[in-house]
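Colleague: These are the residues of each chain, in order.
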Amino acid sequence: MDEQMQYAKLFNDIDSQALITLGVILASTILLTFASQHMLTWLANRLHGPIRFRVFALVPLTRLVILITALAIAVPIVIEPSLRNMVTLLGAIGLAIGFALKEYVSSLIAGVVSAVELPYRPGDWVKIDDTYGEVKHVGMRTVSVQTPDDDLVAVPHLKLWDTAIYNANNGGVSLQCVASFYLQPEHEAGWVRKALRDVALTSAYLKFDKPIIVIAEEKPWGTHYRIRAYPVDPRQQFLFITDLTVRGKQVLSAAGVMPALLPPDAALDSQGTAG
Amino acid sequence: MAQRSTKADLSPWDVVALETFCTPERTQSSQWRRSWRAATSWMGGKGASERQAKQEHELRALPEVKLAHWAPEIDWSPAASALGEILECHEEAPVVLFISPPHGGHREVVSQWAEHQGVDCLPAPTVGELAEGSLEWVECLALQHRWAVPALERHFLRNTQGLQGVRELLERALSSRLGQGVIGCDSWTYAYLKHAVGLEGVPVFVLQALEGEQLAHYFAHLPKGGDCPTVYSTRTGKKILSNGGENQQKDVHKELQRLAAHCRGHLGIAWHYWRERLREPTESDAADRSSERSQASPESLWLLDVLAEAELPEDTGDVATLLLHTLLIHGGLEDHALDLVLPFSNHEALNARLSLARQGILSCHQQRWQVAPLSYASVRQLLESRHYLVDPL
Numbered sequence: 004m005d006e007q008m009q010y011a012k013l014f015n016d017i018d019s020q021a022l023i024t025l026g027v028i029l030a031s032t033i034l035l036t037f038a039s040q041h042m043l044t045w046l047a048n049r050l051h052g053p054i055r056f057r058v059f060a061l062v063p064l065t066r067l068v069i070l071i072t073a074l075a076i077a078v079p080i081v082i083e084p085s086l087r088n089m090v091t092l093l094g095a096i097g098l099a100i101g102f103a104l105k106e107y108v109s110s111l112i113a114g115v116v117s118a119v120e121l122p123y124r125p126g127d128w129v130k131i132d133d134t135y136g137e138v139k140h141v142g143m144r145t146v147s148v149q150t151p152d153d154d155l156v157a158v159p160h161l162k163l164w165d166t167a168i169y170n171a172n173n174g175g176v177s178l179q180c181v182a183s184f185y186l187q188p189e190h191e192a193g194w195v196r197k198a199l200r201d202v203a204l205t206s207a208y209l210k211f212d213k214p215i216i217v218i219a220e221e222k223p224w225g226t227h228y229r230i231r232a233y234p235v236d237p238r239q240q241f242l243f244i245t246d247l248t249v250r251g252k253q254v255l256s257a258a259g260v261m262p263a264l265l266p267p268d269a270a271l272d273s274q275g276t277a278g
Numbered sequence: 010m011a012q013r014s015t016k017a018d019l020s021p022w023d024v025v026a027l028e029t030f031c032t033p034e035r036t037q038s039s040q041w042r043r044s045w046r047a048a049t050s051w052m053g054g055k056g057a058s059e060r061q062a063k064q065e066h067e068l069r070a071l072p073e074v075k076l077a078h079w080a081p082e083i084d085w086s087p088a089a090s091a092l093g094e095i096l097e098c099h100e101e102a103p104v105v106l107f108i109s110p111p112h113g114g115h116r117e118v119v120s121q122w123a124e125h126q127g128v129d130c131l132p133a134p135t136v137g138e139l140a141e142g143s144l145e146w147v148e149c150l151a152l153q154h155r156w157a158v159p160a161l162e163r164h165f166l167r168n169t170q171g172l173q174g175v176r177e178l179l180e181r182a183l184s185s186r187l188g189q190g191v192i193g194c195d196s197w198t199y200a201y202l203k204h205a206v207g208l209e210g211v212p213v214f215v216l217q218a219l220e221g222e223q224l225a226h227y228f229a230h231l232p233k234g235g236d237c238p239t240v241y242s243t244r245t246g247k248k249i250l251s252n253g254g255e256n257q258q259k260d261v262h263k264e265l266q267r268l269a270a271h272c273r274g275h276l277g278i279a280w281h282y283w284r285e286r287l288r289e290p291t292e293s294d295a296a297d298r299s300s301e302r303s304q305a306s307p308e309s310l311w312l313l314d315v316l317a318e319a320e321l322p323e324d325t326g327d328v329a330t331l332l333l334h335t336l337l338i339h340g341g342l343e344d345h346a347l348d349l350v351l352p353f354s355n356h357e358a359l360n361a362r363l364s365l366a367r368q369g370i371l372s373c374h375q376q377r378w379q380v381a382p383l384s385y386a387s388v389r390q391l392l393e394s395r396h397y398l399v400d401p402l
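One line per chain: the protein sequences are A and B, in this order. Numbering (the working numbering) for the first sequence: 4 to 278. Numbering (the working numbering) for the second sequence: 10 to 402.
Bound-form chain A, shown alone (with noise of 0.2 Å):
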């Protein structure tokens, strides 16, 4: 009996009234977080330069505050906010958690960390494991990525635990694109590397101010050219690289420097490899 009473008094009287109260306080919080979530991406996508991606991090700061807030005036509401009725419910819910959810909260605690932490923010181009895109929504415990190839991939914020998280752009404009040419060893490199320095820089899509640098690298089979150049916008990178290798084949192609091509054996093993 007397357990029992402790038990009731865990919780406060749950009145009609109390209950509209929560109602109102549910339905307030997903008013607020869909509409503060849609108009802030709405804005933010017609937005460009720094500015966007600004408005674009405001997103999961804005949901975490909203439901922090609710939080905090329905706790109460249910609980009697005493440090015993803290603890029991914490032990409870750490219980429950251990035994079933523990993914689940694990991808929830991760995604309040990724909204502090920043480690990648709405319009960010990110690598994950395999997936590389923009990411275009950070959810409660997925952050949502849409490739190249324009799949939206659901990545749970848990991978923010153990996982390398690559961001080109790290929440600014500048992004580093990297545009290859493979030729064959016999061709003289000072003269390729300025026709390929001049490509970069008659791109439409070049940014100005950051450096143009053109690398080569020896290997076996000839030489590995690289241009490293930013575009104006992030997201004119495939434009931008497919620009400069369009223009860099033209250029190489009339100056009659072959590409290089693989030997028989190693094309026939790259292909097993595939396989």
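The set of hints was computed from the structure by calculation and includes no laboratory data. Remember, it's a predicted structure, so these values are computed and weren't measured experimentally. C-beta: ideal position from N, C-alpha, C; glycine also. A few of these clues could be false.
[What the hints assert, rightly or not] A few chain B residues facing chain A, derived, Cβ under 7 Å:
1) P352
2) H396
3) Y397
Use these hints to put chain B onto chain A, whose structure you have.
Modeller: Frame of chain A; chain B shown alone:
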């Protein structure tokens, strides 16, 4: 800001080094106003524009005869003389650059200077020569005592072939192999070539930006015969230019200061606004008000609000933005040259060009499409906000 009082201070022909160029007062607030206006018209449509003291339908455009009288073509010869004076102090420099924004007059100034000095202007290559990467047009240039290039933007294309000629030309010029030269150049071309070719150490001169008071002085003395019209602002209904000493009053200059700030102090662009935004009352309106204004000058004109049209929407797409930037860097381009410098097909580039021309953002001059003077300010602001390379003016 120092007070301008003397006639010399009010002259718009102050040629200065690029480092000392400064935009007019209130340029930043003019940009904010433009952004605010773009945002309000985006949300509320064109109808959300500011209240006007005088409605446009009560006014009509001036006929060509009157325009030729009240706003004749700019005579750039005083600027050419001012440039000549500056050049006397830089006789040791192998090359001196004179840059101005689109419609800013660098071509006319350098041409007139060359004509006055009896200096040969180097011919520009054809688009075909540039597209092929031919260097013959550079190799045939001989050593001269003095030479001039009125428009350097005609000497290159932004592709790997089109860059070779201008690189060779500048290399020869900077190493004094051609003699002493004066090059007129679009400010956007200059910004691009500075990165693509390198122009470090070359003396660069520009026309200093004009303030409202200087614009008032210039427009007051622009009409043929020296009779200054009385001009009112449709936005405020107040007088912005009149015959007599009233032009010295500060409140009279306020509207023209707005115009100066909007045009970043460039006379060429301000003149286009002045010419295209001047209106006169319709006959019925003039008759109604004849009794009210019996004391006023019979030639009362109105200036429409400078921000009222040809503004670029904030949601302009990438294709249009790239096209605008390309046109600015080349100082305008013919249609057939577009696919040589843009990463789209000629069909896509033409579609974008046609769309922008329909909106009044582009205008055609001598078969070359360029950003229209009345759209220049908003196009520059948009490109700057999207981190494209912009000119130093």
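Colleague: Does each hint hold? Answer for all of them.
Modeller: Verification of the supplied hints:
no.: 1; hint: P352; verdict: holds (5 Å)
no.: 2; hint: H396; verdict: holds (5 Å)
no.: 3; hint: Y397; verdict: holds (6 Å)
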